[in-house]
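Asker: Sequence:
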Amino acid sequence: ADLTRLFPGLRAVAMSSNVVLGLLQSGPGHVEPYSWVYDENSFKVGARTIGLAVSHSGTTYPTVWAARFLRRRTEHVFGLASSFDCLLAVSIGQAPEQPFTRRLFSSLAGIRPAEAATVATIAMHHTLSHLLLRCAALATGA
Numbered sequence: 001a002d003l004t005r006l007f008p009g010l011r012a013v014a015m016s017s018n019v020v021l022g023l024l025q026s027g028p029g030h031v032e033p034y035s036w037v038y039d040e041n042s043f044k045v046g047a048r049t050i051g052l053a054v055s056h057s058g059t060t061y062p063t064v065w066a067a068r069f070l071r072r073r074t075e076h077v078f079g080l081a082s083s084f085d086c087l088l089a090v091s092i093g094q095a096p097e098q099p100f101t102r103r104l105f106s107s108l109a110g111i112r113p114a115e116a117a118t119v120a121t122i123a124m125h126h127t128l129s130h131l132l133l134r135c136a137a138l139a140t141g142a
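Note that the sequence shown covers residues 1 to 142 in UniProt numbering.
Hints in this document: simulated from the structure, not taken from any laboratory. Check before you lean on any hint, since a few could be wrong.
Stated by the list, open to error - Distance windows between CB atoms, simulated:
hint, residue 1, residue 2, range
1, E40, T118, 31 to 41 Å
2, A142, D39, 35 to 45 Å
3, T140, R48, 21 to 31 Å
4, A117, Y61, 12 to 22 Å
5, R103, A142, 21 to 31 Å
6, E40, A136, 25 to 35 Å
To be verified - When the alpha-carbon atoms are kept at most 25 Å apart in a straight line, the in silico SDA-like pairs for lysine to any residue are as follows:
hint, residue 1, residue 2
7, K44, R71
8, K44, L6
9, K44, R103
10, K44, T74
11, K44, R72
12, K44, S16
13, K44, R11
14, K44, Y34
15, K44, P28
16, K44, V19
17, K44, A14
18, K44, R68
19, K44, A1
20, K44, E75
21, K44, G93
Glycine included, every Cβ here is placed at the ideal spot set by N, Cα and C.
Modelling step: build the complete structure from the supplied sequences, incorporating the hints.
Answerer: In structure tokens:
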């Protein structure tokens with residue numbers, strides 16, 4: 001809501017990576033997402049689509065695979081994880097040995113053995129809020 005309030009020309013949608021996989025995937029094991037606003041006919045990912053995959057660990061398989069599927073359709077896929085060295089980074093084209101592409105953001109919360117519900121959530125919220133404010137400042141020239 002904050003993103004579309006700042007940039008009314010954008011159409012922003014928050015989706016589970018499992019739903020994205022269900023809409024973009026086909027073949028054996030494909031599960032069609034039901035009771036969802038979009039279906040395979042109305043969910044369009046094109047060259048101008050911007051995707052942001054969010055995972056604290058950067059190794060959550062549905063998120064990593066959803067980012068890979070999105071990247072096949074648009075080059076504008078970004079990631080947010082707790083560190084820069086993770087599978088999510090590789091899935092969006094930011095492998096450790098490659099030059100930094102500015103497509104991966106880190107919450108700097110550090111690696112944890114599980115998706116912690118406290119520190120990780122606060123770190124993600126803080127990072128996304130900072131990113132939103134930075135985009136607003138760039139858009140307004142502030």
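Asker: Next, verify each hint and record whether it holds.
Answerer: The hints, checked one at a time:
| no. | hint | verdict |
| --- | --- | --- |
| 1 | E40 with T118: 31 to 41 Å | holds, 37 Å |
| 2 | A142 with D39: 35 to 45 Å | holds, 40 Å |
| 3 | T140 with R48: 21 to 31 Å | holds, 22 Å |
| 4 | A117 with Y61: 12 to 22 Å | holds, 19 Å |
| 5 | R103 with A142: 21 to 31 Å | holds, 24 Å |
| 6 | E40 with A136: 25 to 35 Å | holds, 34 Å |
| 7 | K44 with R71 | holds, 13 Å |
| 8 | K44 with L6 | holds, 23 Å |
| 9 | K44 with R103 | holds, 22 Å |
| 10 | K44 with T74 | holds, 11 Å |
| 11 | K44 with R72 | holds, 13 Å |
| 12 | K44 with S16 | holds, 16 Å |
| 13 | K44 with R11 | holds, 12 Å |
| 14 | K44 with Y34 | holds, 17 Å |
| 15 | K44 with P28 | holds, 22 Å |
| 16 | K44 with V19 | holds, 13 Å |
| 17 | K44 with A14 | holds, 14 Å |
| 18 | K44 with R68 | holds, 16 Å |
| 19 | K44 with A1 | holds, 20 Å |
| 20 | K44 with E75 | holds, 15 Å |
| 21 | K44 with G93 | holds, 22 Å |
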